[in-house]
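Chains as they are written, first to last, in this note's numbering: chain A, 1288 to 1697; chain B, 24 to 204.
The hints are simulated quantities; they were obtained by calculation from the structure and are not laboratory data. Accuracy of the hints is not assured; some may be wrong.
As the list claims (entries may be wrong) - Under the rule of at most 25 Å between Cα atoms (straight-line distance), these lysine-lysine pairs were calculated in the DSS-like manner: (1) B:Lys-192 to A:Lys-1602; (2) A:Lys-1442 to A:Lys-1604; (3) B:Lys-84 to A:Lys-1595; (4) B:Lys-174 to A:Lys-1604; (5) B:Lys-105 to A:Lys-1657; (6) A:Lys-1595 to A:Lys-1648; (7) A:Lys-1604 to B:Lys-125; (8) B:Lys-105 to A:Lys-1602; (9) B:Lys-84 to B:Lys-174; (10) B:Lys-192 to B:Lys-125; (11) B:Lys-32 to B:Lys-105.
Note that the structure is predicted; figures quoted are calculated from it, not measured.
Residue strings, one per chain:
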Amino acid sequence: MATEYTFPENAAKAPAAAPDFGPERMSISMGPSHPSTHGVLRLQLELDGEVVTKADPVVGYLHRGDEKIAENMTYNQFVPYTDRLDYLAPLANNVAYAIAVERLAGLEMPPRCQATRVVISELARISSHLMGLGAFGIDVGAWTVFLYTFTEREKLYRLFEELTGARFTTSYTRIGGAARDVPDGWLDRVGAFCDQFLPILEETLALLTRNRIFIDRTADIGVINKEDAIAYGLTGPNLRGCGVPLDLRKDRPYSGYEQYEFDVPVGSKGDSFDRYLCRGEEMRQSVRIIRQAIKNFPGGAWYAEDAKRIFAPPKDKILTSMEELIQNFMLVTEGPQMPPGEVYFEAENPKGALGFFVVSKGGGVPWRLKIRSPSFCNLSILPKVCVGAMLTDIVAILGSFDFVMGECDR
Amino acid sequence: MSVIQVQRKPLTFAERTYLPQVFGGLMITLRHFFGRRVTLEYPEQRPEIAPGYRGVPTLVKDPNGREKCVSCQLCEFVCPPKAIRITPGEISGDGPSAHVEKAPREFEINMLRCIYCGLCQEVCPEEAIFLQNVYSVSGYSRDELVNDKEKLYQLGGTLPDRHFKWDKKQAAASASPIAHP
Ligand code: SF4
Ligand code: SF4
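Go ahead and model the full structure; you've got the sequences and the hints to work with.
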C-alpha cells in the first residue's frame, strides 16, 4: 500500500507547469554538453522571450550504478569508486566512506589517522572551491580568476600526488586506516602551501568581490529563501548562503573536528553572490583548520592496529610471517569483516552533506549501500529558482551551485 | 557555535565606475605576466614524479633475477575493474628457484581497464607487482594496450628486495634434518 505523503505547511510548492504551450513559448535544451552545465546536466527550458518560464533538470547521463557495484565487491574495493563521485574532491569522499563503514564496525580511529583525515578533507575542500570559483568566474565572463585558481589547485594536486600516488583518483583511505602514512616533510609542505595561498586567495577574491560586473551578474540572481532551502534538502555552501548555519563539522563532529576552532560563514540574502562569498570564506576557514591540525599533529599509529579482521597487516610482516600472510589472504578474499547492522553517516563535503547508508548482513560485502549525494539534492531546487530568471542568469545560477554530475548521477 | 555572516558592503562611487577594478585587475595581470611561469612545455619538459607515484602496474624481478610473482592470483581477485588475467604455471626442473614451485605462465594487464588504483600492489604477498612512474600510455590498437608478461617485466625491471623470502626458505629447508621433497 502506498503511504500518503503530505508536504509540510511551509514547504515550497513546485512551480506549476505552464498550462498553455502557445507559439510564443520556446522549448530549448541546455546541455548535456554545454560548457556551463559543468558536465552532463541537461536543463529542459521553456522560454518566453528571454525569460525562463519552466526549467526541468534532466539527470542521469553519468549514471554508472555505483550503488549496485558496491554490493558486488568488498568494502575496500569500493574505495576507488568513491573517488569518482565528487571527482573534484575525491579525498573528502574517501574519508566520508571510510568513516561510514568504520561506524558500522564501531571502530575508533587513532588520533593521527583522524588528524590526517581532517587535513586532507580540508585540502580537498579548498581544491574543490577553487575549481568551483574558477568555473563560476568563467560562466559569468571572468576568465582570469580561473587561471589563478587553477594554478593554486595544481599546487594542491602536487601535494595529493605525493601523499596518495595520484593527483585525481586518490583512493587514499581504507577501512580502518589509510593506504599509507603521511610522507616525511609533507605536513611542512602543506603548511608552506597555506602560507603562500592566503595572499593569493585574497588577491583572487578581490578580482570578484568588489567587481561591479560580477556583482551585477550575481547579486539578487537565483535567490533562495531559508524555508525553501531546507525544504528542498540543500546542504553545504548553498544552504549556508541562504543563512542557515548548518555545518556537520560543528553540529555532528566526526574525525575529531570538535578540537578545531573555525567559523561557519553564512549569507544574508541567499543569492548567487552570497553562495560565492560563503565559498571564499570557507577556504580561509579551511586554512585555519589545517594550520591547527598540523601544528599539533599527533604521532602514534596511523591505522587501527587492533582491528585485525579489518585492516591488513604491514607488508613486512606479510612477507616474513605465516600468520600475517594468511590474515592478508583472508582480508583480501573475504573483505574486512563487519558485523550485521546498518549505519548512516553524513560528512560535510565541499559540495554539501555526502551521506552513506550501509546495510550489512555481516561479512566483507555490503548488502546495500546508498549514497546521498549533495549535488543531486542541491539541483532539485532548480525548477524553482530558475523560473522568472533570464536565460543568461541560468548560467550564473548553475555556476553558483557548484555541482558535480559524477556525484549527482553516481 | 561561531557563525559569521559574510559581508556585502555596497560599492562606493569609485567602484561603481569600474575604473579601480580595471586598473587593479590589470596590475595583477601584469605582475603575473612578468612573474614566474607556472606551466610546463609538456612533452619536452616532464613534471617531477613524487616517490610512491601510482603509474602503470608492472611486474618486477628480485636482484637475483628471479621472477617474484608466484601466481597466487590475489591481485587478479582484488582488481576492481578486473583488468588482470593470470594463468598459473609450474616451475619444473631443478633450477635455482624450482622450490618456489609456481610462477605465472601468462600474466596480462589490460591497460584499457586498469584504473591505477594500486590495490594489486597493496595486496601482493610477494611484492611482485608495483605501480611505477610511467604515466602516459598510448597505442594504435586495443591489443597493443594489453600488457603481457614480457612487457610487464620489461616495464618493471628489478627492484631491491629486503627479505629474499624464498632464498631464506631454501636455506632453512636444506639445513633442516627432515628431507625436503
Ligand atoms: S603479482 Fe603478487 S598478488 Fe599477483 S599473482 Fe603474483 S604474487 Fe600474487
Ligand atoms: S592498479 Fe588497480 S585497476 Fe590497475 S591492475 Fe592494479 S588493481 Fe587492477
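Hints, verified against the model:
Annotation: proposed proximity of Lys-192 of chain B to Lys-1602 of chain A holds, straight-line Cα distance about 18 Å (limit 25 Å). Using a Cα cut-off of 25 Å, the hinted pair Lys-1442 of chain A and Lys-1604 of chain A is violated, with the two alpha carbons roughly 36 Å apart. Using a Cα cut-off of 25 Å, the hinted pair Lys-84 of chain B and Lys-1595 of chain A is violated, with the two alpha carbons roughly 30 Å apart. Pair hint Lys-174 of chain B plus Lys-1604 of chain A does not hold up; C-alpha atoms about 30 Å apart against a cutoff of 25 Å.
Straight-line distance between C-alpha atoms of Lys-105 of chain B and Lys-1657 of chain A comes to about 23 Å, which keeps the hinted pair within the 25 Å bound. Simply put, Lys-1595 of chain A and Lys-1648 of chain A have alpha-carbon atoms about 20 Å apart, close enough for the 25 Å limit, and the pair holds. Only pairs whose Cα atoms come within 25 Å are accepted, and Lys-1604 of chain A paired with Lys-125 of chain B is accepted, the gap being roughly 22 Å. Distance restraint check for Lys-105 of chain B and Lys-1602 of chain A: the Cα-Cα separation of roughly 23 Å lies within the 25 Å cut-off, and the hinted pair is therefore satisfied.
For the proposed pair Lys-84 of chain B and Lys-174 of chain B, the alpha carbon gap of about 13 Å is at most 25 Å, so the pair holds. With a C-alpha separation of about 15 Å, the suggested pairing of Lys-192 of chain B with Lys-125 of chain B holds against the 25 Å cut-off. Our distance criterion of 25 Å between C-alpha atoms is broken by Lys-32 of chain B and Lys-105 of chain B, whose separation comes to about 56 Å.
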